[in-house]
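Chemist: Sequence:
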Amino acid sequence: MSLEIRGVVVGYTREVPILRGVDLTAAEQRVTVIIGPNGAGKSTLLKTVYGYLRPSAGEILHFGRPLSGLEPKDMLGQGIAYLPQARSIFPAMTVEENLELGAWILRGDKAATARAFEEVYAHFPRLKERRHAAAGLLSGGEQRMLELARLTMTRPRTLLLDEPSVGLMPKLVDSIYEEIAKLKEQRFTILIVDQNVKKSIEIADYVYVLRLGENSRQGPQSEFKERLPEIIREWL
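Take 1 as the starting number for the sequence shown in the working numbering and just add one per residue.
Think of the hints as simulated: they come from the structure by calculation, not from any bench.
There could be a bad hint or two in this list.
[As the list claims (entries may be wrong)] Each computed DSSO-like pair below joins lysine-lysine, with the alpha-carbon atoms no more than 30 Å apart: (1) K199 with K225; (2) K199 with K171; (3) K128 with K171; (4) K184 with K73; (5) K184 with K47; (6) K198 with K182; (7) K198 with K171; (8) K171 with K184; (9) K184 with K198; (10) K184 with K128.
Please put together the full structure from these sequences, using the hints given.
Modeler: What follows is the structure, encoded as structure tokens:
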């Protein structure tokens, strides 16, 4: 398995845990989606995996290696990249300069950096067309596409995507999920949190539901596509 989360307890204060013994497994080269009502702890779980929060109990393993004690700056070296919910582009810099930041750990290897650009532009041709444009001039969908592309510059094994469609118009949401589906075809392991439950489940292989910081249910995509309206009614 790619990512294993075992009995994780975490909170912004020790006295008030947000996650209460969460278990989750993200299979290698598959899309795993976490859904649940607001306040369930979904984004907190991704931040915990990426080292922004320290569990008070439980463990997190990435391809068998424990992540305990690691900070966000260590995660690319572990093959993990994180897309935060808030926009993370540098608007005054060009598209290409933003991508260069994603290849920072390759900066001493010009050949590897050139290969990274070649691969990214092959998969994101629109960004190649706009590579000399200031990132702040891109549309909302293009900016999110740039963030996704930047994540892949170092070919991490696992992508953590926190609300990839937030703030986008429906047409742009479709475009972003098309790009995420392409990343799945490129053999990335992907863990997604998104309030757009319908779109995220469409590309999922496996789904977890969190409720009040605990596991509520889980299963293959087919179980959730058939019962999605019923599941959402349970949250209300």
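Chemist: Hint by hint, note whether the structure agrees.
Modeler: Consistency of the hints with the structure:
1. K199 with K225: At roughly 10 Å apart (the allowed maximum being 30 Å), K225 and K199 satisfy the hint.
2. K199 with K171: holds (12 Å)
3. K128 with K171: Status holds; Cα separation ~21 Å.
4. K184 with K73: holds (25 Å)
5. K184 with K47: Since the Cα atoms of K184 and K47 sit roughly 21 Å apart, the hinted pair holds (cutoff 30 Å).
6. K198 with K182: holds (18 Å)
7. K198 with K171: holds (14 Å)
8. K171 with K184: holds (20 Å)
9. K184 with K198: With Cα atoms ~18 Å apart, K184 and K198 stay inside 30 Å; holds.
10. K184 with K128: holds (21 Å)
The structure fails none of the hints (numbered hints given earlier).
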